[in-house]
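Trainee: Note that the protein sequences, when read in sequence, are chains A and B. Counting with the working numbering, you get residues 35 to 229 for the letters of the first sequence. Counting with the working numbering, you get residues 2 to 254 for the letters of the second sequence.
This list has only true hints and no planted wrong ones.
Facing chain A, from chain B, some residues (calculated, C-beta under 8 Å):
id	residue
1	Met2
2	Asp46
3	Pro77
4	Leu94
5	Phe125
6	Ile197
7	Asp221
8	Arg251
Calculated lysine to aspartate or glutamate pairs in the EDC-like style (CA-CA distance at most 20 Å, straight line):
id	chain 1	residue 1	chain 2	residue 2
9	A	Lys146	B	Asp193
10	B	Lys219	A	Glu145
11	B	Lys38	A	Glu55
12	A	Lys146	B	Glu163
13	B	Lys159	A	Glu145
14	B	Lys119	A	Asp125
15	B	Lys43	B	Asp238
Listed next, the stretches of chain A that the computed footprint assigns to chain B, with coverage defined by at least 3 CB atoms under 8 Å from CB atoms of chain B:
id	segment
16	51 to 62
17	75 to 86
18	149 to 157
19	173 to 181
20	213 to 222
These aren't lab readings, by the way, just hints derived from the structure by calculation. Where a beta carbon is used, it is the ideal one built from N, C-alpha and C, also for glycine.
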Amino acid sequence: MSVAIIDYNAGNVRSVLFAMERLGVQAQLTSDHAAIRSAEKVIFPGVGEANTTMRFLREKGLDKLIPTLQQPVLGICLGMQLLCRHSEENDTPCLGIIPQQVKRFVPKQGEKVPHMGWNQIADLKGGLFDESQENKYVYFVHSYFVEKGPYTTAICDYTLPYSAALQKDNFYATQFHPEKSGSVGAAILENFLKL
Amino acid sequence: MLAKRIIPCLDIKDGRTVKGVNFVDLRDAGDPVELGKLYSEKGADELVFLDITATHEKRKTLASLARQIAHNLNIPFTIGGGIRSVDDVGVLLDSGADKISINSAAVRNPALIDDLAKQFGSQFVVVAVDAKQVNGEWIVFLSGGRVQTEVRLLDWVKECQERGAGEILFTSMNHDGTKAGFANQALAQVSDALSIPVIASGGAGTMEHFYDTFTAGKADAGLAASIFHFREIEIADLKQYLHQRGIPVRLND
Chain A
35 MSVAIIDYNA GNVRSVLFAM ERLGVQAQLT SDHAAIRSAE KVIFPGVGEA NTTMRFLREK
95 GLDKLIPTLQ QPVLGICLGM QLLCRHSEEN DTPCLGIIPQ QVKRFVPKQG EKVPHMGWNQ
155 IADLKGGLFD ESQENKYVYF VHSYFVEKGP YTTAICDYTL PYSAALQKDN FYATQFHPEK
215 SGSVGAAILE NFLKL
Chain B
2 MLAKRIIPCL DIKDGRTVKG VNFVDLRDAG DPVELGKLYS EKGADELVFL DITATHEKRK
62 TLASLARQIA HNLNIPFTIG GGIRSVDDVG VLLDSGADKI SINSAAVRNP ALIDDLAKQF
122 GSQFVVVAVD AKQVNGEWIV FLSGGRVQTE VRLLDWVKEC QERGAGEILF TSMNHDGTKA
182 GFANQALAQV SDALSIPVIA SGGAGTMEHF YDTFTAGKAD AGLAASIFHF REIEIADLKQ
242 YLHQRGIPVR LND
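Just chain B, with the same shape it has in the complex:
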């Protein structure tokens, strides 16, 4: 049975992992390569590395970091942050990245999704979507939540799928950093609207939150950062818990 995936997210700034609460107030949580390897050993199903400063500072994501991660990991990983062109992505693919995630650049230039999917295949293209509920409506935000668009969440994720995205990583900015649970209602709507997998992100605080997002939120994967980095939840415990509650997960070999 296809397992629900548990994905630690490592936000990278200046080569170190950080995690912001509501995208500000950054805290240092270690070396990304070492942390990635540790998570892989502890049973993480996949890893996401996001260079959170990349868009703002117009930096390219570090290909050398991707290469170090790929050397040390035997599970899939996604790398993102500041990717704007097919050329940016070719370098990352060659460095050993399994998937790339694009966010702001896809909203500004949706044809980038088509180009990437054609060149590298849909399975390589994760579209990360940061959205926030504004006056009852879910609206897409850019640049790590700094810029509001007029694009509606459901319209956007459907367009992403049509253009060739292989997966959607949906972060609710209302929930991110709150540890009060994922945005399950919106997640279920996104999941129902799509035929590609959806990763839930933003709001994980307890093991039950993951159970809720895999059931009520219809998510295919659950992503979190600080609760893993600061060992508030151990991945092995989380998987055992989900297994006992009837959620298919990959238990340690």
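Next up, chain A with everything else stripped away, as it sits in the complex:
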């Protein structure tokens, strides 16, 4: 199994690499176009601010490469948001692979932003999930979210029910961090590897 983790100065990519190692997969951390294109699976992580991160992608030409990938791609956290059309975070045009808007949470009384910690995922659909993860807790850290829509494959409820996961064609994405979500997250990553 060849897995490429896209390396573009986007925060904690190392923890995704370690998570793959724990699953027995030696993934390659790379920004090399040929290496990414030829991998059987591609993971697109991301932590940080949308605008800066898009700039890092453009600097390496990855904004052009990623939309053309044919193999299963997994966007994680900011990686998921960048697969969308546009983010309210510093009014950032994103990759436009999944036609969804990324919005900022408007917290209700007593709710905190960022949405940080363990929350439940429900209404699971698609190849990333199996029944055993329904209503299980996974780890989230984010201040922006994607609304429920036609590509939503998991729901999380925080201030409102929103997309905890998305899928369009070969592009899969989770708002939560499967690499930091204990055994539940490990099972989701294993499902991705089996796609």
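Given chain A, put chain B in place with the hints provided.
Mentor: Just chain B now, kept in the frame of chain A:
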């Protein structure tokens, strides 16, 4: 529903975990990597590793330790102690740390919070605040409680949030090591004043103390050390207890 988090804190000195009572009288409680892995298996939601000697001895937190922890853990962890610059933090991020915590350096140079938040994102920046009630007023202390400032707790945590902190880890020095409960009144004030999550620290002795800090103290997470290290409270029992009392917690998968 967003779960309240239970966070064991591993104070590190010379590569070993220790826990001081009121920051002195250190006791050895094991190997941090093994202990971290064990806690992760027992249901800890997150871990905090603090190199408590770092500020005093001007040492950098050990990136290699962060890397070993990240290799072995599949839950988030924060690492802190002696971080003074954006460069210090870049190394830790690259080693697999999910968050870093800064304490004294942020008080001495508040712009560090802005710089870190801009460079790495707010979610990466935990500001740890040690405070003590002095003549009825909560005052921020530095260097593991050795240096008193003139900064008031509420003013400081609000400034931290404005500058881009993603979370506040508030330790009451009056309560730390006493096992008499968290500083819930001050915690509730901090929580009400902020829109970012607050971790309660200092004073945990019983399971009820966690219930109290999640209700009266309005805390988003509860942190403790010795009661977990010396197995006075098992995390699984604590979570079962909180669950039965209606607090949302992540139970074992």
